[in-house]
Amino acid sequence: MSLFLERFVNGLADGSIYALLALALVVVFRSTGQLNFAQGEIGTMGAFFVSTLTLSGLPVWLSIGCAMVLGFFVSAGVERIVVRPIEHRNPGAVIVALIGVFLAVNQIVAMIWGVDARSLPSVFPDDADDFVTIGGAPIRIARLGIIGVLIVVLFLLWLMFNKTKVGLAMRAVANNQESSNLVGIRVGSILVVGWGLAGAIGVLAAAMLAPSAGLTGTLMLGPFLLASVAAVLGGLDSPVGAVVGGLIIGLTEAFIVGYVDFLGADMLFPVMLVILLLVLLLRPAGLFGTERVERV
Amino acid sequence: MNLPLRVAKGSWQNWLGRAVLFGAVGLFMFRAVNEWSRSGLGLLADALIIAIAVTGLNLITGYTGQLSLGHAAFFAIGAFTSAMLVTGKVWTPFLTDNIWTPGWTMVAAAVVCFLIGMVVGIPALRLKGIYLALVTLVFTEAVRSVLKYEEFAGVTGGAPGIKGFNYLPPSWTGLDGRADLVTWFFWLSLAILVVVSVLSAGLLRSRIGRAMVAVRDNETAAAVMGVNLFSIKTIVFGLSGAIAGVAGSLYALKLSLVEADIPLFGLFGSVTLLVAMVVGGAAQNWGPFVGAMFYVFVNDFARSVGEDPSNSIFLGWVVDEGTKINGLGGVTFGVLLILFARFVPFGAVGTMRMWRSRVVAVVPQVSARAGGEPSAELLGEEGAMSAEQAATNIDPAEPPTSLTGDDPDPAS
Amino acid sequence: MSAEALLNVTGLTAGYGPVEVLHGLDFTVAEGEIVVILGANGAGKTTTMRSVSGMIPRHGTVDFAGTHISGSKPDAILRAGISQVPQGRGTFTDLSVEDNLMAGAYSVKSGVEEDLDRWYGVFPRLAERRDQKAGSLSGGEQQMLAVARAMMSRPKLLLCDEPSLGLAPLITKELFRVLGSLREEHGMSLLIVEQNAGMALALADRAYVLETGSIVATGTGDELLADDTIKEAYLGVVS
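Chains as they are written, first to last, in our numbering: chain A, 1 to 296; chain B, 1001 to 1412; chain C, 2001 to 2239.
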C-alpha cells in the first residue's frame, strides 16, 4: 500500500509538470490553432536562466519569477515576429518556422550555457530528510510542492480567465476572432499575451522539473512530447482536458514503470499509443475537446 | 512581347522545357559522380534516399491532406526489415541459412511497410489534423521502443542493433566492390528515386490521384461525390509507407548497420521528413527532391559554419581563427528554417513555379471532344487538379494554399 | 441629402483580392434615421458592412460625425461610435450571455453595470438566461444578444447585417419592432442590409437597392414598397 501511495504521488507530481506544459500548449492552440513546437525549449532556456540567477545569489523563488518574465517575452516575441507574418501567407509553413525556433533556442542554450549538466536547487525543501509520512509511505515534500504549484496556477488562471478583462478578451478571441474585432478587442495584442503567458507557464514547468531530473539541454524534450500527448488526450482546446490528460500520463508512467514487470519503462510509448487510440477512437477530439462541425 | 508567354500543355514547347529541366539535373548528377569526393557523394546519396522517403510522405500528407508524423517509423521498419533478412535473423524456409539477397529485402521492406501503412491509415478515418499527427508521432516512438526491446533481441538485435552486412555492387555494374560502394549507392538511390517519382506522378494523374486531392480539399464533399474514404486513406497510407520503407531499406544497406537510436528512426526523423517536404514544396512533383537536397546540404553547411566560424563569410570578420562556438551550427540552421518559412512559404518549388508562371504559363488545352468528360489534358502537368480547379479551369500552376486544405473563407 | 449626415459614404469601392465587389457606392444615414440597403445574394451587402466597419481594405470616402474614417481600423471605428451586428449573429458561443455583453462593453471605461441593467430591461429574456452559454440560445435569442452586445459599446450608429437571416417570421417581426424602438426610445441611427424586403422597407425611412455592387434605386421606404419592379424582384409579387 505504501509503495502504491508513493508511486501515486510521484505520478501526480510528474503529471503536474506535464499538465502545466499541456496547459501552455492549449492556451496557444485555442487562440491560434497552432501547436507551439518550441514551448519546451523556451522552458529549458528559462530553467538555465534560473540557474544563472541563483548562482549569482538571488533566492530561488525570485529567480523563477524573473525567468518566467523572460519566458513571457521570448514566447510573445516568437508569436509577433515569427508566427504572425508566416501565418498570414501559409499556415502550413508555420510548423517549419516553429521547428526552426525549436532548433535555434535549443542550440542557443548550448551556446550560452555550454553542454555540461547542472543542478538546479528546488524552491521547496528538498534534502534527504524532507518528507512526510502518509499511510506508511515516505512522501517527499518537494513532490507535494509541485502538485501544489499546479493547483495554485490553475486557480490563478481561473481567476484571470473569468474575472479579468484580459481573460474575457482571450476567451473571446479563442472563440471568434472576427467578432472580437467588432467589439473593439485588439486581437493581435491578445494573441501576443496568450503566447507570452504560455511561455511563462512553460518556464515554470521546467523549473519544477529540473531539480529532480537534472538541468541539461535535453531537459524538456521528453516532457514536451508527453505533454503534447496529454493535450491531445484531453482535447486540444480544453484547459481542463490538458490537466486531466497530464495527470493521466504522469500516473501511467509511474505505474507502468513500477508495476508492470514484463513491460518496463521502455514500453511507455506503446502503452501510450494504445491509450491514445482507445480514447481518440471514441472521442476524436479528445476527452474534453469540442468536435468540429464541418459545413460543406 | 506579352508576358506571361502561354505554352499549351503537351505541346513541343512544353516538352522542350521539361527536357531542359531534366537535362540540367542530369548534367549535375553526372558532374557529381565524376568530380565529387567520397563524402560529398555520400551526402548526395543520403539526400536522394531522404527524397524517396519524402516522396512517400508527400503522397499522404501533401496530396491527401493527412498529416503524418509517423513516416520515420516506416523508414525504420524498412531499414530493420532489410537488416534482419540480410543477416538471416528471420526464419524463411525456402532459403538456405535464411539469408536474403539485399535487393529482395527492399521488396520485402516495401510489402511489410505497405501492410503496416494500411493499418495506420485506419485511425486517419476518425482523426484529423494535429490529432492524427500526434498519434502518428507516438506511433513512431512506439515502433522504436519495440525495435529496441530486449525481449526481441534475437530478431531485432535489441539496443545495439544489427551490424555486419553489406550490399556490394553487383558485377554487371562494372563497379569494384568496396571502393565504389558510395558510387553504387548513389546510382541505386537515383534510379529508385526516378522510378518512385514516375510511379507517383502516374498515380496522381489517375482517378485515385483526383480522389486524393478531393479528400484533402473537402473530405465530406468528396465522400458525398462517391470517393471511398476508407479505400483512399488506407491504400494511400500503405503506398506512402511502402515508399518510405524502401528508402529505409536503402539507408540501412548503405550504412551497413541499424540501431534503434539512430535519430532518423524517431521523432527527429519524422520532423526532418516533414520539414523537407514543406521546404521543397508540398504537393509538388519536384518538391521532395528539392526539399531533401536543401535539408541535407544546408544542414551540412550550417554544421561547417558551426565547426569553423572564422571561415564562414558571415562571421569570418568577427570571429578569430580557431574559436569554436557551441551550438552555432544548430542556431544557423534553425534561423535559416525560419527565414525560409517566412520568405518562401510555399516551398522552393511552389515559389519558383509562381515566378515562372509570370514569365511562362502552361495552359491546359481544352479538347474539342464532345461529351463533357474532362479529358486527361485538363489535368495540370504537375499532377492532379483539385475539384475546384477542374471546374473553374484556374491555372494549376498555382501552389495549394495550405498544407491540409482548410478553407480560410475570405468572402461571405 | 442633408449636409450634416451622420454617415456619409462616397465612391465606396472594395473587394477580395483581385475581385472587385463594390463599384463606387454613395449613400448616407442621417441622425436618427433608419436606412435599409436591400439586395439579393451576392449583391455585396456584407461587403458593404465590412467596409464601413473597417474589416476589409477599401477605397472611397467614409465620413462619420464629421470625421474621416476611411482608413481606420475596426477598433478605432468602434470608438468613433459605429457598432456592427454581424451576419449570422457572431455571438461568442462558448461564453455566457453576460460575458457576451461584457465583451461588447470592452471599449467602455465606466458605467458598464448601469448599461447592463438597462439592456437586460429591454431584453428580459436575456436576463433570464444570463449565465447560459450563448451557443445554447435559440436563433432569435442569439440575434437579440448580438444587438444588445453591439449596444453595449454605446454606439451612435448601428450596422445590422441581415438580421432576419434564418429566423422565423414571427421572431423577425419582433426583432424589427425592437430595432424600431432603438431609434424611438434610444435615439439610435440604423443602417440595415437585408434580403427580407417587406419588413425592412416597412421599417425604413429611406432605402437603397444594391445589385451586383452598384446602387440601382433609392427612395423612401414607402416609395420602394409601392414600386412595381421592387415588388416583383424582391417581394415575389406578380403584377
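These are computed hints drawn from the structure, not numbers from a lab. There may be inaccurate statements among the hints.
Said to hold, decoys possible - Capping the alpha-carbon separation at 27 Å, the derived lysine-lysine pairs in DSSO-like fashion look like this:
| no. | chain 1 | residue 1 | chain 2 | residue 2 |
| --- | --- | --- | --- | --- |
| 1 | A | Lys163 | C | Lys2173 |
| 2 | C | Lys2231 | A | Lys163 |
| 3 | C | Lys2173 | A | Lys165 |
| 4 | C | Lys2073 | C | Lys2109 |
| 5 | C | Lys2231 | A | Lys165 |
| 6 | C | Lys2109 | A | Lys163 |
| 7 | C | Lys2156 | C | Lys2109 |
| 8 | B | Lys1009 | B | Lys1089 |
| 9 | C | Lys2156 | C | Lys2173 |
| 10 | C | Lys2231 | C | Lys2173 |
| 11 | A | Lys165 | C | Lys2073 |
| 12 | C | Lys2133 | C | Lys2109 |
| 13 | C | Lys2073 | C | Lys2173 |
| 14 | C | Lys2133 | C | Lys2173 |
Tested hints:
| no. | hint | verdict |
| --- | --- | --- |
| 1 | A:Lys163 x C:Lys2173 | 37 Å, violated |
| 2 | C:Lys2231 x A:Lys163 | 52 Å, violated |
| 3 | C:Lys2173 x A:Lys165 | 35 Å, violated |
| 4 | C:Lys2073 x C:Lys2109 | 20 Å, holds |
| 5 | C:Lys2231 x A:Lys165 | 48 Å, violated |
| 6 | C:Lys2109 x A:Lys163 | 16 Å, holds |
| 7 | C:Lys2156 x C:Lys2109 | 17 Å, holds |
| 8 | B:Lys1009 x B:Lys1089 | 52 Å, violated |
| 9 | C:Lys2156 x C:Lys2173 | 23 Å, holds |
| 10 | C:Lys2231 x C:Lys2173 | 19 Å, holds |
| 11 | A:Lys165 x C:Lys2073 | 21 Å, holds |
| 12 | C:Lys2133 x C:Lys2109 | 25 Å, holds |
| 13 | C:Lys2073 x C:Lys2173 | 34 Å, violated |
| 14 | C:Lys2133 x C:Lys2173 | 25 Å, holds |
Going down the numbered hints, you'll see the structure goes against 1, 2, 3, 5, 8, 13, while the others check out.
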